[in-house]
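Add 638 to a position in the sequence shown, counting from 1, and you land on the number used in our numbering.
Simulated from the structure, these hints should not be mistaken for lab results. Ideal Cβ placement from N, Cα and C applies to all residues, glycine included. Be careful, since some hints might not be right.
Only pairs whose alpha carbons sit at most 27 Å apart, straight line, appear in this in silico DSSO-like list of lysine-lysine [what the hints assert, rightly or not]:
no.	residue 1	residue 2
1	Lys928	Lys817
2	Lys839	Lys952
3	Lys1011	Lys1024
4	Lys817	Lys831
5	Lys817	Lys766
6	Lys1011	Lys839
7	Lys744	Lys925
Label pairs and their in silico Cβ distance ranges [unchecked claim]:
no.	residue 1	residue 2	range
8	Leu932	Pro712	35 to 41 Å
9	Arg834	Ser715	29 to 35 Å
10	Leu760	Leu1067	54 to 60 Å
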Amino acid sequence: MASIASKNAKKKSKSKSKSKGRLSLSELKTLGHQLLSSRAHINNLPILLSHVSPTSPPPHALESLLSLHSFFAPILSDLPSSKPSSTNHHEDDDPELIYNTWVRSKFDIFVNSLIDFAASPLADETLKEVVLDTIMEFVKVANGGRFHSAIYHRLLHAIVHSTVPVNFVVDLLVSKYFKYIDVCYFTYISLEKLVRTLEEKDISDDGDVNADSNDESHSKSSSEIFIHNIHYVISHIPPLEGSDEKSDFEMWGRSGGDSKELSGNPKAEDKQLHTEKDKNNVLSAAKIAKKMKLKFTKAWISFLRLQLPLDVYKEVLVTLHQVVIPYLSNPIMLCDFLTRSYDIGGVVSVMALSSLFILMTQYGLEYPNFYEKLYALLVPSIFMAKHRAKFFQLLDSCLKSTLLPAYLAAAFAKKLSRLSLSVPASGALVIIALIHNLLRRHPSINCLVHREVQEETAKETDADMSSRKLGIDHFDNEESNPIKSKAMIPWYCQV
639 MASIASKNAK KKSKSKSKSK GRLSLSELKT LGHQLLSSRA HINNLPILLS
689 HVSPTSPPPH ALESLLSLHS FFAPILSDLP SSKPSSTNHH EDDDPELIYN
739 TWVRSKFDIF VNSLIDFAAS PLADETLKEV VLDTIMEFVK VANGGRFHSA
789 IYHRLLHAIV HSTVPVNFVV DLLVSKYFKY IDVCYFTYIS LEKLVRTLEE
839 KDISDDGDVN ADSNDESHSK SSSEIFIHNI HYVISHIPPL EGSDEKSDFE
889 MWGRSGGDSK ELSGNPKAED KQLHTEKDKN NVLSAAKIAK KMKLKFTKAW
939 ISFLRLQLPL DVYKEVLVTL HQVVIPYLSN PIMLCDFLTR SYDIGGVVSV
989 MALSSLFILM TQYGLEYPNF YEKLYALLVP SIFMAKHRAK FFQLLDSCLK
1039 STLLPAYLAA AFAKKLSRLS LSVPASGALV IIALIHNLLR RHPSINCLVH
1089 REVQEETAKE TDADMSSRKL GIDHFDNEES NPIKSKAMIP WYCQV
């Protein structure tokens, strides 16, 4: 009796150790082999699932992951959908259906565990790469060979809502998967959804007048982290270069003869895409490029509507004219964002100038107060700004037009002349070059530096000359409006 009791105690302790996750690596291997060999060992499945965790030792997590991947990969096509379906009573009694439904629920748990692992700060970085590869493999095959956008959206949701840096996982996505056109396509779709959710949350937080100040501060801090994560992802998606000439695209969701098909989930926003696919089965390169441009535009415009932290705001403005404007379906959609940025003043206005100038010169944007705002930027501190070289280059381009009114050209010339007295010597050299260009391009303001003495002036008496207040410049250097600066009033006129 004592021996039987001791055996039972040993069995109990063994089962307890299994449930607590204290299995050795060799035991996990045995459980994996058993699971793959027969359905009789299906109860090994939850035990292996419990070891796919950032808190598990990396070898244990890896062994469990490999066993589970080997188990699920061949049977995914036989499993029912995760969504609840209306079935009759007879089907509910089908043992095979009950078994497959249960296995499907465990697959969903496995995917969630992998996504949590990928976004966890506790997880081993080497193992994260294996985890990401496994997730993307399921994205590829778990929907009958079509891109499984639901799994991919959950991955991006976890990345964006992570409160710790996720650069490592995003860099892996960029280097290994952003070369596939369908991955980029569904990345834009998911990011737009996530931005919309974040925007709605911000609106609801603003409307909650009874919110605690600490909770409000925490919510704002979390939102800023999420915005940083979204920006890191969206700014690393490679642009679709040369799309009109390209005849083929690499696809992740399909292989072989269907590589041109841009597959996806049958949701409302993609119904048009699937209708065309059903008709043609293959989308042309031009159509793929057009759809990519639309998704790119929606994602970026949605993102720019958020209340961006200052550091993200500056990063966006610096690169907007190079990485966003050329690929938008309609760049004029940026006019509100850019004019709002330009009106802020200071360094933000300087950084917005490049993109705003492109919209005005290449896309026909009309901005009546442009030169007034540009004039207001001419302060001594601009010569210390980080992007001053680009600013002066753009300033010269903005003042190049021969249609520029003489009073504006004169106001900028005099403002720059006054600035040359209070800026470093290097800045004064730049100013001299700018004024030289203004005088050369706008001959009507040459009278500011050289005026021919008329015969009438030569015959005037000394009293007449003194009444004209020789040597007095009526230019108002403190006036922010160039029209009211009195730059074109001759030096001998009384005011």
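Is it true that the CA of Lys744 sits at most 27 Å from the CA of Lys925? Judged against 27 Å, a Cα distance of about 39 Å means the pair is violated.
Mind checking the alpha carbons of Lys839 and Lys952 for me, to see if they're no more than 27 Å apart? holds, 24 Å
Do the alpha carbons of Lys1011 and Lys839 lie within 27 Å of each other, as the hint requires? Violated - the C-alpha atoms of Lys839 and Lys1011 are around 34 Å apart, more than 27 Å.
For the pair we were handed, Lys928 and Lys817, check the Cα-Cα distance against 27 Å. Roughly 18 Å between the alpha carbons, so the hint for Lys928 and Lys817 holds.
When you check the alpha-carbon spacing of Lys817 and Lys831, does it fall within 27 Å? Given that 27 Å is the threshold and the Cα spacing comes to 22 Å, the pair holds.
Going straight from one Cα to the other, do Lys1011 and Lys1024 come out at no more than 27 Å? With a Cα-Cα distance of about 19 Å, the restraint between Lys1011 and Lys1024 holds, given a limit of 27 Å.
How does the Cβ-Cβ distance of Leu932 and Pro712 compare with 35 to 41 Å: does it lie in that range? At roughly 37 Å between Cβ atoms, Pro712 and Leu932 fall inside 35 to 41 Å, so the hint holds.
For the range 54 to 60 Å, tell me whether the beta carbons of Leu760 and Leu1067 fit it or not. holds, 56 Å
Does the Cβ pair Arg834, Ser715 satisfy 29 to 35 Å? Roughly 33 Å apart at Cβ, these two residues keep to the hinted range, so it holds.
Within a Cα-Cα threshold of 27 Å, do Lys817 and Lys766 meet the stated pairing? Within the cut-off at roughly 20 Å; holds.
Going down the numbered hints, you'll see the structure goes against 6 and 7, while the others check out.
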